[in-house]
Each structure stands twice: as C-alpha cells, then as structure tokens.
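Asker: Assemble chain B onto chain A, guided by the hints.
For reference, the chains in residue letters:
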Amino acid sequence: MKISSRFSLGLLVGVLAAAPLITLATAAGASSQTPYQTGAANSGTPNSSMVVKNSSGAVTSYGNGAITYTVPSPALATLGQSLYLENCASCHGVNANGVPADGTSGAFPNLVGLGSATIDFWIESGRMPAANPRSVQADRRTPRLTHDQAVAIAAWINSLDPSYPAIPTPHLAGANVADGAALFALNCAACHTIEGDGDALAQGTYAPSLRNIPAFQVVEAIRTGPGNMPRFTGNLSDYQVRDIVAYVTEYLQHPRNPGGLGLGGLGPVAEGFVGLLIGVGLLALIGYWVGERQ
Amino acid sequence: MSTTSRESSSAGRYGKVGQVLNELDDRLGVAKGGRTFLDKIFPDHWSFMLGEIALYSFMVLMLTGVFLTLYYVPSQTVVTYNGSYLPLFGQKMSEAYASTVNLSFAVRGGLLMRQMHHWAADIFAGAIVVHMARIFFTGAFRKPRELNWTIGTTLLILAIANGFLGYSLPDDLVSGTGIRIMYSIILSVPVVGTYVAFFLFGGNFPGTDILARFFILHVLVIPLIILGLVGAHLFLLVRQKHTQFPGPGRTENNVVGSPMFPVFMAKTTGFLMFVTGVIALLGAFAQINPIWQFGPYFASRISYAVQPDWYMGFLDGALRIFPAWEFTGFGHTIPLEVTIPAVIFPGILFTAIFAWPAIERRYTGDNALHNLLDRPHNRPKRTAAGVAVTMLLTMLFIASSTDVIANYFKISLNTVLWAMRVLVIVIPLLSYPLAYRIAKEMQGVSGIGKRKVTNVVVRTDEGEYVATPAPTYVDDAHHELDPVPVPTFIDGALDEVAGEPDTLETTPGVRRVER
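Taken in sequence, the protein lines are chains A and B.
With our numbering, the residue at position 38 of the first sequence is 1528, and numbering never jumps.
With our numbering, the residue at position 492 of the second sequence is 514, and numbering never jumps.
Don't take every hint at face value.
Said to hold, decoys possible - Chain A regions said to be covered by chain B (calculated; three or more residues, Cβ under 8 Å):
{"no.": "1", "segment": "1674 to 1682"}
{"no.": "2", "segment": "1688 to 1700"}
{"no.": "3", "segment": "1739 to 1752"}
Simulated from the structure, these hints should not be mistaken for laboratory data.
Given the structure is predicted, the values throughout are model-derived calculations rather than measurements.
Note that CB positions come from ideal geometry on N, CA and C, so glycine has one too.
Isolated chain A, as found in the complex (with noise of 0.2 Å):
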C-alpha cells in the first residue's frame, strides 16, 4: 500500500519533470564534450515513465536498458523441483512456504513471491543451503550449486507465483562511475564503509565486503535487500544501480593505490601500527644500534 502510493506520486513527479528533463538531457548532450559529466537521465528518480508493472502492480522492468531483467524459462521449474527438494526443503518445507516438515513454523522464511533474484542471490552467493541454519547471519561462501541450477531453482518457486524482480544483466558500458561513486557514499557507505570493506553491525550481524562480488550479485542485493539491508527500488533508478555496480566493480574491487601499498583498506588502524611499529619502532632501532647500549 505504501509502496504503491510512493510509486504514484513517482509517477505525478515523473510526468510534471519530464519535460524540463528532457530539455536539461538534450542541453548536457549537447554542451559537454565529455562522456563522464553528470548527465540529468543519470541522477533523479526512475523516470517513471520508463517503469513497467504487471497487472498486479509490480514492477516487472524499469525500462531504459542499463539493466536487463530475465525471467527464468519455466521449462526448467521441473529440475528446479527436484533441486529444491533435495537442497532447500527441509528448513524451507516441500512448498517453499518456510514450514519444514517438523512444523516449526516461522522459524525459516517463506520463499514464495520473492522474486528470482532473491533465490538467485542466496544460492549463487554461496549463503544458501545454509553452512548453520541457526546462525545469526550466513556466510558468503563458495556456491553449492551451479548458476543453471540456481537459475532452475528460481524458475520452480517463480512458478509458483510468479514475482519480481527477476534476474538481472547489469551493462556497465557507458556507466558513470563519479556519479556512482556519490551515489556509493550517500546509499552504501554507512553500512559497507567508504572502501567497501564492510563491518560489523549490531548483535553479530555484519555489513560484507563487497570487494569480491560479481557486478549482477551487487544489483540483485540493491533490488531485493538481503538480511539487513534495505531494499532500493523506487529511489534508485537502472542507471544509478548501473553506476553504482560499475564504481563497486571499477574501483573499490580494483582500488588505485597510487601512493603505495594499500595497507588492507582498515584507514587509520593499519597506518597507525605501520606508524608506530615501522616508523617509531624502526627508527628506535636504529637509536639503538647509533647509541650506546650500556
């Protein structure tokens, strides 16, 4: 209901600046030589104009090509079945409604109508079949199953009932990677820090480091919020999703170091042990070996 309304008053927004946008895009075209000026179809909300909903009001695609999002085929809900019942079943139940077979009923979540990205994320990322289904947070870890029978397992509880987002194709040709980067410091930063590292959050829950995910597993977590994490869709339009993955994938994954060794990206804590223990403690040494040691 609110997310609805929100979308809405997107959508008066959307009509009333579209015009004045249009003209602001055709002007920034036009007067900048460079392909990496803030361009006005780069920042703002979705143009809601561009947001396609099905008939329940979902958005199944936000229309302007930065980011393509596949239904998987239900040709392959039979294999994912089979998949499902021997990876997922018994915590999820034999439906996917979250009550396993004990009847502990709450205790897991209810997977159907989360969309196949959702599924997709928490398979490929390695977080599910669960390491310890009690533990306060999953792991990254290193997959269990394929990307096609992450794909196929998707495809089955899609077909359930059918939701989206579906699986997305981030294409970071002609991203911006300066209005990413802003984007990355005012949306991302105060859980997954400036660098990207992560960090740990309240009661053993964590923020993960970003420096090792794959560009589509980064637009599947800003669409569908796993754990902890907020879910953007109505503020972020593909474009900025596409910066943003391009910054994480361009820079923070393959960070310049012109000044030297990066010291791990911990700020301060490393420069200060490196300044104490090889500064301080170097130089100390080397009082020890120019002066008298009696």
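Answerer: For chain B alone, coordinates are given in the frame of chain A:
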C-alpha cells in the same frame, strides 16, 4: 670574545676553516659560546635518541608542510572537480578537498610530500610518547627538570591538536566526520559549550569558516608555539645538562659522554638522515589517507568504520565504550556520555601528567637535585603507576577499533563493546600489582640489566662437552674512544676557557665535565 686583532689573511693552524671562524669571531665573538657548545657532553645511551626522532620528524613536518601550503586552498567554496580521477569527475566538492586531490595527482611529487607529511605527523606524536615514557620511567623529570617536563607535556598536547587539525584540512568524508565529532564534544561542555562551538565555527556546524580557521591554526599559530617550546626545551636541556644512567665514573656532579664535536654531531647528523630516510620510504611505499577513495564531505553522507589517527585513538575509544548517560534538569541537557570521556577524562589525565613531578615530590619528600637516572625496577611504585596508566590508554586505544575487531575476528560487536568496558577497568588494576611484583623481583636478581654472558661449548677428543664463558661481546663492553684534545679551531680561544677540560680519571675516550 677575543680582543686580539689578527691579520685576516694569515691562515692559522686550522687553515681556511680556522680563518673563516677567526673572521666570524672578530665580528661576532662566536669563539667562547661556540666552544662551549662544541664541548657540550652528550651521554649517548640509545634511549636518549628517542627525543631526537621527534625533533627531526618535526623538521620534516615543517619542510613538507611548506610545500603543501603552496597548493592547498583553505576554502569551503563548492567547486566541480574536473581533474584526472574519474570517480570524482563532475562531483561537487569544497575547494579544499579539490585542491588536496589535485596536489596529490596533478602536482609533481605532491602525493609523496602529502604522505611524508602524514607519516611524519604519526611518527612525531609517537616519538614524543615514547620519549616521554623514557623520561617518566627513569625519573628524568625530577628536580631540577620539572619545567622541561611541563614543556614536553605541552608539546605532546600541541602535537595531538595540530595533528587533528591537519587531518581535518582535506575535508574528505572521513575527516569531516572527525570535525563533526569535535563539534559535538565542544557542545557537550556544560554552560559554555554552545557559545564556544559557535564562536569557533562561526555559527552552526559545518558553516563556511572552519577550514580557513583550522588552516591558520595548523600552519602558523600552533607550529610557531611548538617551535618556540622546542627551543625552550633544548635550551633548558643544554643549560641544565643531560641526565645520565648510573655507571662507572658517573656521579650526580658530572656528565660522562661524547662531546658535541665531533662524535655526537656525527651520530646525530646520521640519525637525522635515518629519520628523514625512513619517513621518505614510508611516504613512497606505504599509502596513507587515500582521500580520493573517501570522496568529499557533506553533512548528509557518512561512512561506517571511521577511526581517527592513532594519537586521537584513546579519545575515540573512550567515547565509543562509555555508557549512554545523560543529565537533564533545570531546562538543560548535559550529555554525560560525551562530556565525561571526551572532556573530563583527558582533562584529568593531562592534569595528572603535568602535576606528576609535584605529586611524587610531595609523596616521597625527596627535594634533592637529581642528575643520575633511576633504573625503573628501583622505583617499583612509579613504574607500576606508569604501566597502569599506559595500559589504560592502550585499552582505550584498542577500544577505538571495536568494529574492526568484531568484523575481523567474527565476534558480536556488542560482545566486543562489553569486553572493552571491562578490560579498560580490569587491565590497569591487574597491571599495577603485576608490574610492582616484577620490579621487586628484578631488584633481587644480580647482574640485572647486564647482557647475559655467552657460553662456548667445546667437545673434547674424549667426547666430553665443556662449557666456558665466552669473552665479553665486543659491543657489550663500554666502547670508548681514545682521548684526543678537542680541536681549537679558533686561535686564542682556549685562553678564554679556564684551563683544559678535566680529562683526568676518565676511562679512555669518554670525557667528563663538572656541572
């Protein structure tokens, strides 16, 4: 000053150098003072070099700092970055941040200078602390040197303050968060806090003035005070002469060591090269404070896991682990969870440090002059107190990275927080009796502080192993130079000095002068 007029063309015993010095002496009378200075005796125990690390890193700070002021713009005017680092291209940022990124990427040698400056600052503060620990644990602060202890402590506070100001100047996301915390700390001072904060920031946070004010404080006001106090520190050191460890031929009334010229001058010049060399190597090969990865500061943005530079760590740690207490009454709110750890605690800490010589004098009733140092184990209570305070500060320092510890070791952040709250109290209480016991034990051990004698094990023809003590290790012996007369560069200068320096009774090479 020599009153004898000499022919300037006549080169004396020391050739052209002596001639130049004669010319100088004729005009400025440098012979007497210069001679005293060159004859100054330095007890060159290695721990006396620790203060020199601070002195020389301060020189590096001034030189690299002058370079940085040529390119840094202390302005909060919002500009659009159009330099070479793509993730910032087209972003809005303060001119201060843009100029810092530009001096890192677009100025030849700029990044090296910035990194050397930052490493030198970390080493400066670190060397002061280590030097201070040496002074404390050996009792070098005792009468007559209480004033120099006060100056040194002031220098430490100024080094921390100026480090924080310099850390804030780039106006990146991390340092901007630090300024915000400092603003809140000032606000938390009862009654005057809001007025002081508004006075300092020219209004509410962040305002548009603060970087320009920090800049002048950082590059002019505080460095000048530091420079003046360093001068006073060294003047008192020369005036009062060095302390020395007890040893053969060393008494309360003499100084045994190397003369300024040539021995100590060679050592200290070499050490200057080492200090600048280590800082330059760190600046070249270890990246520090990569502000381009942080992005510009805006009050709406925040990064998690932000720590200050190490010398502010104990304050950050205290703020992190203090329970959320708040006093509300009489229409006012006092955030005790900020006031106590960030205002009252450092106030008590530094007051105690300043007052320590007086406290100890009162406690021991010892009002005598001390030129011989204590071995730490011979003053178990002082040593234990110093260890306890050091451990308290170390625990607070560790508490400033609770999040990093929790994340790295995969422990709940709440557990780490509570563990640090307990450890901050328990560890100092445990370390006092432990250090006291160890010091007491050491008093009873003969040959303590001396290097253990190596045994040479020989296998005889019959297959028997025989262990005999090895000859004294060459570096372990008190290594002394052959006595040579101090060169008198300036003819007639010796006439001014009352007799030859007292070289009688000294072990070879080391010279002894009366105080």
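Asker: Quick one: see if chain B covers the segment 1688 to 1700 of chain A, three-plus residues with Cβ-Cβ under 8 Å.
Answerer: That given contact holds, which follows from 9 residues of the segment 1688 to 1700 of chain A lying within Cβ reach (below 8 Å) of chain B.
Asker: Per the coverage rule (Cβ-Cβ under 8 Å, at least three residues), is the segment 1674 to 1682 of chain A covered by chain B?
Answerer: holds (count 6)
Asker: Does the segment 1739 to 1752 of chain A contain three or more residues whose Cβ lies closer than 8 Å to a Cβ of chain B?
Answerer: holds (count 9)
When held up to the earlier numbered hints, the structure conflicts with none and fits them all.
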